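Trainee: The primary structure of each chain is shown beneath.
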Amino acid sequence: MTTAQPETVPKSFRPVEFEVTAGGEGFLLGSRCSNCGAHFFPVRQACSGCLHADLETVRFSTTATLYTFSVVRQSTPDFAVPYALGYVDLPEGVRVMAQLTGRDPEDYQIGMEMELVVEPFGADEDGNEMTGYRFQPKEGSQ
Amino acid sequence: MTGVYVLGVGMTRFGKHPDKDAADLGSAAFQEAVTDAGIEPRQIEAAYCGHVFQGMVTGQRILAQVGLAGLPLSNVENACSSGATAIREASLAIRAGEHDVVMAVGTEHLTTKFRGALTPDPSDPEAAVGATMPSVYAMRARRYMEEFGMTRRQLALVAVKNKRNAAANPLAHFRKEITVEDVLESRPIADPLRLHDCSPVTDGAAAVVLVSDRAVKKLGNGRAIRLAASTLFTGTVDVEPTTMTFEPLTHKTALAAYERAGIGPEDVDFAEVHDCFSIAEVLRVEGLGLFERGAYPGAVERGEADIGGRLPINPSGGLLGKGHPLGGTGVAQVVELVRQLRGEAGDRQIEGAKVGLAHCRGGKAVGIEGAACTVQVLVK
Ligand SMILES: [Zn+2]
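Read top to bottom, the protein sequences are chains H and P.
Here the working numbering is used: the first residue of the first sequence is 189, the next is one more, and so on.
Here the working numbering is used: the first residue of the second sequence is 5, the next is one more, and so on.
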């Protein structure tokens with residue numbers, strides 16, 4: 189983590205959970221149990237299934253299915269309302285909470301096929317823009 | 005192993021207390037519980053204090069106020085289950101034979117700590133993307149509506165029922181009945197939930213004196229109620245996504261409590277459950293096995309959960325009506341159970357109740373179904 193990164197690499201808002209590549213691609217990070225294959229988000233120290241402690245950090249798929257969602261109308265000062273928030277299920281068998289984007293808040297539906305998009309997500313203490321993830325309906329989804 | 009009994013109970017009015025702090029409120033509840041137990045303060049041997057946002061050694065500040073500094077005391081934090089966990093710890097100290105008379109007190113001065121929506125701890129990855137407690141329950145509500153066909157109107161009836169019960173409770177935060185239309189027209193918080201679907205930001209405290217078999221024989225005032233079970237579990241990390249319309253954590257904690265108490269869900273006459281949101285009551289009672297999965301919204305509509313119904317739920321007004329001072333909440337549920345079982349519940353009295361159940365569930369951490377869950381069973 190000591191190597192200087194070129195200025196063009198976007199800064200992830202949560203580097204432990206979300207990796208942004210120099211090319212601007214984004215990946216959710218989690219753990220895969222090398223013993224039983226279970227996946228976890230975020231990174232864990234041991235597997236809750238088999239208690240094996242040999243977990244590897246992996247990039248998750250960027251596609252998902254919308255399990256449920258809400259439109260948040262009252263939040264903390266860190267988040268401008270309204271925003272759509274959902275739980276999406278990844279093919280690895282992991283459910284992740286994420287903000288939703290790409291549709292009017294009323295136009296999401298449970299079961300929609302979604303994909304991860306890399307978007308500006310807040311600012312650090314020095315006011316520099318950070319990069320995060322949202323999920324949007326795949327083109328042609330319902 | 006000795007049995008455990010609730011000998012005395014105390015509770016402040018729930019609501020806004022701008023001129024008091026958490027220790028003031030806790031002290032008032034503490035002293036009322038001592039008086040109600042008919043004992044001398046010096047007979048208390050140890051204490052447990054549940055609170056969440058009140059800072060270091062709030063319990064010791066209470067002891068200092070009531071003249072009992074010097075007792076062994078542990079402060080207990082388990083989010084919304086903090087007070088209930090204090091009761092469990094007190095009961096374990098008695099069952100272990102270490103003490104015979106123990107105070108469990110829960111307190112919170114929440115109006116000075118929070119405004120608006122509660123959120124998970126800021127370090128949590130879900131908090132980082134904008135999770136609020138109402139939004140998490142809103143998402144569960146939407147999924148439940150999709151799976152079981154619950155209508156928005158049916159969900160509103162949970163809030164209407166609990167605020168009606170609260171109107172009959174002199175210590176409740178809200179004393180005004182509301183209509184379905186009031187719920188549906190209240191301010192949107194996180195779709196589909198609105199303001200009346202959410203428990204309020206409340207100050208308050210409650211306390212209970214727990215005693216052993218030996219102490220109840222010596223001190224018993226004829227009004228002691230047996231704490232037949234007090235169980236606690238934390239949620240597990242899922243190895244694959246599971247349903248959000250049923251609560252395995254609530255279910256597991258309840259099964260352990262039923263086994264310990266030697267009863268089944270069919271023996272429960274009434275319950276105080278953790279209705280932090282209207283949808284939460286639905287998920288709780290089904291997780292507890294008191295109603296079939298998907299059946300509760302219809303049961304509420306038919307009045308089955310009313311005082312006077314087949315199985316009254318939250319006769320005190322619950323968190324929605326009575327209020328939700330985090331640390332005080334779980335203790336106040338047990339206060340309500342005791343008052344109902346003694347026949348001292350006034351206008352909201354349930355006739356002939358013999359077995360009451362209290363359920364708390366608190367906290368949110370990423371990947372965990374729920375942080376801490378407690379179930380207490382009280383038997384007359
Ligand atoms: Zn494993």
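Read the hints as simulated data drawn from the structure, not as lab findings.
No experiment lies behind these values; they were computed from the predicted model shown.
Some hints could be false.
Calculated lysine to aspartate or glutamate pairs in the EDC-like style (CA-CA distance at most 20 Å, straight line) [what the hints assert, rightly or not]:
id, chain 1, residue 1, chain 2, residue 2
1, P, Lys-358, P, Glu-348
2, P, Lys-358, P, Glu-270
3, P, Lys-117, H, Asp-266
4, H, Lys-199, P, Asp-104
5, H, Lys-199, H, Glu-244
6, P, Lys-221, P, Asp-128
Trainee: Holds or violated: Lys-199 (chain H) and Glu-244 (chain H), Cα atoms, limit 20 Å.
Mentor: Status violated; Cα separation ~23 Å.
Trainee: Between Lys-221 (chain P) and Asp-128 (chain P), is the straight-line Cα distance small enough, at 20 Å or below?
Mentor: Answer violated: Lys-221 (chain P) to Asp-128 (chain P) is near 49 Å, above 20 Å.
Trainee: Is the straight-line distance between the alpha-carbon of Lys-358 (chain P) and that of Glu-348 (chain P) 20 Å or less?
Mentor: 13 Å, holds
Trainee: If you draw a straight line from the CA of Lys-358 (chain P) to the CA of Glu-270 (chain P), is it 20 Å or shorter?
Mentor: With Cα atoms ~12 Å apart, Lys-358 (chain P) and Glu-270 (chain P) stay inside 20 Å; holds.
Trainee: Please work out if Lys-199 (chain H) and Asp-104 (chain P) have their alpha carbons no farther apart than 20 Å.
Mentor: 58 Å, violated
Trainee: Between Lys-117 (chain P) and Asp-266 (chain H), is the straight-line Cα distance small enough, at 20 Å or below?
Mentor: 17 Å, holds
Of the numbered hints listed earlier, those contradicted by the structure are 4, 5, 6.
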